[in-house]
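J.: Between the sequences and the hints, there should be enough to build the whole structure, so can you do that?
There are 2 protein chains.
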Amino acid sequence: MTNLTAPPTVRARRLKLLTQHDAIVLMHEDCAVCRSEGHAPRAQVMLSAGGREVMATLYQIGNGLVAPGEAGLSEAAWQRLGLDDGDEILIRHPPALESLSNVRRRIHGRRLDAGAMTGIVRDVAAGRYTDVHLSAFLTACSALPLDAEEVIHLTRAMVDVGERLEWGADVVVDKHSVGGLPGNRTTPLVVAIVAAQGLVIPKTSSRAITSPAGTADTMETLTNVALDLPLMRRVVEQEGGCLAWGGAVQLSPADDVLIRIERVLDIDTVGQLVASVLSKKIAAGSTHVVLDIPVGPTAKVRSDDEAATVSASLTAVAEACGLKVVCLQTDGGQPVGRGIGPALEARDVLAVLQGAPEAPADLRRRACRIAGAALELAGRCEPGQGTAAAEETLRDGRAWRKFVAICEAQGGLKTPPRSTVSRPLLARHAGRVSGVNNRTLARLAKLAGAPDDKAAGVELHVRLGDEVAAGEPLLTVHAEAPGELAYALDYAGANPEMISVEA
Amino acid sequence: MTNLTAPPTVRARRLKLLTQHDAIVLMHEDCAVCRSEGHAPRAQVMLSAGGREVMATLYQIGNGLVAPGEAGLSEAAWQRLGLDDGDEILIRHPPALESLSNVRRRIHGRRLDAGAMTGIVRDVAAGRYTDVHLSAFLTACSALPLDAEEVIHLTRAMVDVGERLEWGADVVVDKHSVGGLPGNRTTPLVVAIVAAQGLVIPKTSSRAITSPAGTADTMETLTNVALDLPLMRRVVEQEGGCLAWGGAVQLSPADDVLIRIERVLDIDTVGQLVASVLSKKIAAGSTHVVLDIPVGPTAKVRSDDEAATVSASLTAVAEACGLKVVCLQTDGGQPVGRGIGPALEARDVLAVLQGAPEAPADLRRRACRIAGAALELAGRCEPGQGTAAAEETLRDGRAWRKFVAICEAQGGLKTPPRSTVSRPLLARHAGRVSGVNNRTLARLAKLAGAPDDKAAGVELHVRLGDEVAAGEPLLTVHAEAPGELAYALDYAGANPEMISVEA
Numbered sequence: 001m002t003n004l005t006a007p008p009t010v011r012a013r014r015l016k017l018l019t020q021h022d023a024i025v026l027m028h029e030d031c032a033v034c035r036s037e038g039h040a041p042r043a044q045v046m047l048s049a050g051g052r053e054v055m056a057t058l059y060q061i062g063n064g065l066v067a068p069g070e071a072g073l074s075e076a077a078w079q080r081l082g083l084d085d086g087d088e089i090l091i092r093h094p095p096a097l098e099s100l101s102n103v104r105r106r107i108h109g110r111r112l113d114a115g116a117m118t119g120i121v122r123d124v125a126a127g128r129y130t131d132v133h134l135s136a137f138l139t140a141c142s143a144l145p146l147d148a149e150e151v152i153h154l155t156r157a158m159v160d161v162g163e164r165l166e167w168g169a170d171v172v173v174d175k176h177s178v179g180g181l182p183g184n185r186t187t188p189l190v191v192a193i194v195a196a197q198g199l200v201i202p203k204t205s206s207r208a209i210t211s212p213a214g215t216a217d218t219m220e221t222l223t224n225v226a227l228d229l230p231l232m233r234r235v236v237e238q239e240g241g242c243l244a245w246g247g248a249v250q251l252s253p254a255d256d257v258l259i260r261i262e263r264v265l266d267i268d269t270v271g272q273l274v275a276s277v278l279s280k281k282i283a284a285g286s287t288h289v290v291l292d293i294p295v296g297p298t299a300k301v302r303s304d305d306e307a308a309t310v311s312a313s314l315t316a317v318a319e320a321c322g323l324k325v326v327c328l329q330t331d332g333g334q335p336v337g338r339g340i341g342p343a344l345e346a347r348d349v350l351a352v353l354q355g356a357p358e359a360p361a362d363l364r365r366r367a368c369r370i371a372g373a374a375l376e377l378a379g380r381c382e383p384g385q386g387t388a389a390a391e392e393t394l395r396d397g398r399a400w401r402k403f404v405a406i407c408e409a410q411g412g413l414k415t416p417p418r419s420t421v422s423r424p425l426l427a428r429h430a431g432r433v434s435g436v437n438n439r440t441l442a443r444l445a446k447l448a449g450a451p452d453d454k455a456a457g458v459e460l461h462v463r464l465g466d467e468v469a470a471g472e473p474l475l476t477v478h479a480e481a482p483g484e485l486a487y488a489l490d491y492a493g494a495n496p497e498m499i500s501v502e503a
Numbered sequence: 001m002t003n004l005t006a007p008p009t010v011r012a013r014r015l016k017l018l019t020q021h022d023a024i025v026l027m028h029e030d031c032a033v034c035r036s037e038g039h040a041p042r043a044q045v046m047l048s049a050g051g052r053e054v055m056a057t058l059y060q061i062g063n064g065l066v067a068p069g070e071a072g073l074s075e076a077a078w079q080r081l082g083l084d085d086g087d088e089i090l091i092r093h094p095p096a097l098e099s100l101s102n103v104r105r106r107i108h109g110r111r112l113d114a115g116a117m118t119g120i121v122r123d124v125a126a127g128r129y130t131d132v133h134l135s136a137f138l139t140a141c142s143a144l145p146l147d148a149e150e151v152i153h154l155t156r157a158m159v160d161v162g163e164r165l166e167w168g169a170d171v172v173v174d175k176h177s178v179g180g181l182p183g184n185r186t187t188p189l190v191v192a193i194v195a196a197q198g199l200v201i202p203k204t205s206s207r208a209i210t211s212p213a214g215t216a217d218t219m220e221t222l223t224n225v226a227l228d229l230p231l232m233r234r235v236v237e238q239e240g241g242c243l244a245w246g247g248a249v250q251l252s253p254a255d256d257v258l259i260r261i262e263r264v265l266d267i268d269t270v271g272q273l274v275a276s277v278l279s280k281k282i283a284a285g286s287t288h289v290v291l292d293i294p295v296g297p298t299a300k301v302r303s304d305d306e307a308a309t310v311s312a313s314l315t316a317v318a319e320a321c322g323l324k325v326v327c328l329q330t331d332g333g334q335p336v337g338r339g340i341g342p343a344l345e346a347r348d349v350l351a352v353l354q355g356a357p358e359a360p361a362d363l364r365r366r367a368c369r370i371a372g373a374a375l376e377l378a379g380r381c382e383p384g385q386g387t388a389a390a391e392e393t394l395r396d397g398r399a400w401r402k403f404v405a406i407c408e409a410q411g412g413l414k415t416p417p418r419s420t421v422s423r424p425l426l427a428r429h430a431g432r433v434s435g436v437n438n439r440t441l442a443r444l445a446k447l448a449g450a451p452d453d454k455a456a457g458v459e460l461h462v463r464l465g466d467e468v469a470a471g472e473p474l475l476t477v478h479a480e481a482p483g484e485l486a487y488a489l490d491y492a493g494a495n496p497e498m499i500s501v502e503a
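Read top to bottom, the protein sequences are chains A and B. Sequential numbering from 1 applies to the first sequence in the numbering used here. Sequential numbering from 1 applies to the second sequence in the numbering used here.
Quick caveat, the hints were computed from the structure, so don't treat them as lab data.
One side of the interface only, derived from the structure: several residues of chain B facing chain A at Cβ under 7 Å: (1) LYS16; (2) ARG42; (3) TYR59; (4) ILE107.
Calculated from the model, a selection of chain A residues having no Cβ within reach of chain B, i.e. all distances over 12 Å: (5) GLY50; (6) GLY179; (7) ASP256; (8) LYS324; (9) GLU392; (10) ARG418.
Coverage of chain B stretches by chain A, computed from C-beta distances (three or more under 8 Å per stretch; other residues unrestricted): (11) 17-31; (12) 60-68; (13) 130-142; (14) 265-273.
As the structure is a computational prediction, the values presented were derived from the model and not from experiment. C-beta atoms are modelled at their ideal positions from N, C-alpha and C, and glycine is treated no differently.
T.: Pasting the structure below:
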């Protein structure tokens, strides 16, 4: 007889099954629990143990990997439940998701109010939506784009379902760049300058997701970035700023879930971008934020009109959420600095901080403009004086000393690694550099091994408008293995438009 | 060095991993092929062997289930590739899906022309879309519903990417009911009548997906329904009709993929319903089709307006595709006949065919109306004469003899099984039956074990408007195990509104 009250338990078994975020449970095909509860293969089930729960996809296997009465779990499910081998877990039918009715209403053109949005975002953050549901929600919010009110609801809901940091300061500075520009590694410079000016800037950054380097990847070649919250607090208390990897603190977890699906769909609406950026900043406890919006034909934002739309929405939603922001439209026509890849970008950053003669001027200029805007926004400088103050902080060595102090507090300053193999790409003919493609250059750096191989990437020798002679190196590909170098060079040979030279 | 030309092969290993349709490949976490090719966990990969290919999700496992250089496959992937253990398979990055750009355009409000729709449907049928992509396509076509042209494009594309049967007859009759009404088992009766009248009606039916019985489930209690195409042709040549399970012939495979996602989303737009129904009929080689549209508060179509919209779209798209159809709006206010469940419905069908005194009159009437409409549509009867001709075919035993002949040709007529345990549900008080809920009754039959337990289900003793005494049986629940009977009765006790009695 089926027991109608208590769902039966099974023994947990760790399979070392790597699935990224997919929670999967494997059961024996003759398992009595599956039969009595009516769990068919590919059913969604709710696993629970020790007060934690996770939605998982159930598959059945007949080859003896798991015994009847056992549940073999993927690492994602194992970690989220915090299990030990042999622990008892409950397997139930998942509860009906009330919030899905609001997703269906949204598909049919109805707007979402604050309560409906919160219900959806809470279930998203809790991992209760399958890919089918997540995709439907995002598609519906793209087919009929989120209106201004909905973006505010979404932003607030994403903050509400995660952790929210507090820093005990009235002014907490932050910056964000709306992606897509290789080598745009201003963050370490801005943090050093702003903290040297006495402001609080507890910066968390991401690792690369689709790009050849994220700020966390670059900083990892210089110091320890895997700070837990207590260490992050100590560093910020002592130095005013930090340069930490954001993965260790759970800010806006719903955003992480949604971004994964947006990437698969390759749809990226303004409303979702705004909610994603601002929710992370609010959750990080920031009060004053400078937003860098690079515009260029191969950048994420491609036109001045698009930049104006994004800026207007960011500003309006930030205001509604009590956040002070300034949007800077910047040149996104070509990569910033010389290096593309973690260690190569770190070297550009060090050169600027140390005032080295070869330091890339464009990276320095951008960092000073952003840091200057932050100093003005936070009331540290009069309007129009920020950039000069930032320049001065760099010139007199205060920013460099602050950067060293932050790295020391995080665990010590390191020297970035150098590649073991490299090869230049030469101009086929003389002429003027007339085009530089951010996307293909980023792809080249990734094929060379970035960001996993820290020293891998691309070193640019020319910029838009430069005159080159035939046979002159346009760039150098750096790698850590001959195979990857060959693979990258093969791609470069097939994509000569990545740097166009007009005869 | 990475070999840039030929992708490396791995040895196939059958895991007996049951995932329904999910193609999954498990590789060792230290597999050199994954490393050199850059296949990370949860990557989509293209598997190929012997000229066949399948898109699969790759997971990595560290516990020795598969060795480095091996690829462990789910049954879905194994069957589609037609493998033997140890076969070499290729694992590659999947090709870029051009058709996704049209899905993105559709999300942003652009209409799909015939070429764009065909590209999408071809990739869907080939299993190249992930759940994220499928959900986005369906959501986009619901948020901005398919227009008349798009439904035609979708219908034709779904036919084009699958098999299409031909019967060598100018008139090939078919029928379809727009689901949702328990016990509405007219198909065996219609086939017997229409074939007895000398028309060709090669009927393929589905098994239950969310309902307690599909026509294939019911017919399986009476004869063999798993006909391959040669046997199906022999039966139809000999008897004019057949009653086969459609799963053995691949008609409109894209529809099967899309329906799975629509069910998860629980969205069901008119355009998708029309394309789904008509593509299956065209692919089956039908030329004249009667469509039964039950309307009622707990049926799939809930109002006359909705029925009119569905009818208009079915008629317009059928005409554009060269198919002659007639739509019959029928009463969907309560289940049809007495039985709900495979064997119980089979007994109703037999009673009608044999002219038994206890035969349910409503089932007989509906079948004659549909068969009559088919006889008129196919030109076998004058307008207005069809129903009477159908009645006559039943009354004089021709339909019964034809049914027996079809079953014999398919492998022999069987007697439907009887349940081993059953229990009546009694009226709590005297009164008039004022409401019968199709949805809760269907659920009750499923909890009792239908359709897997062929004899399980619900036997109704009353109909809307009947007067009942206190303690009189309203229905009997049939099951094959006491546990399931208890489970079903528990549900019935908690849902007294499934049959409302007004005092």
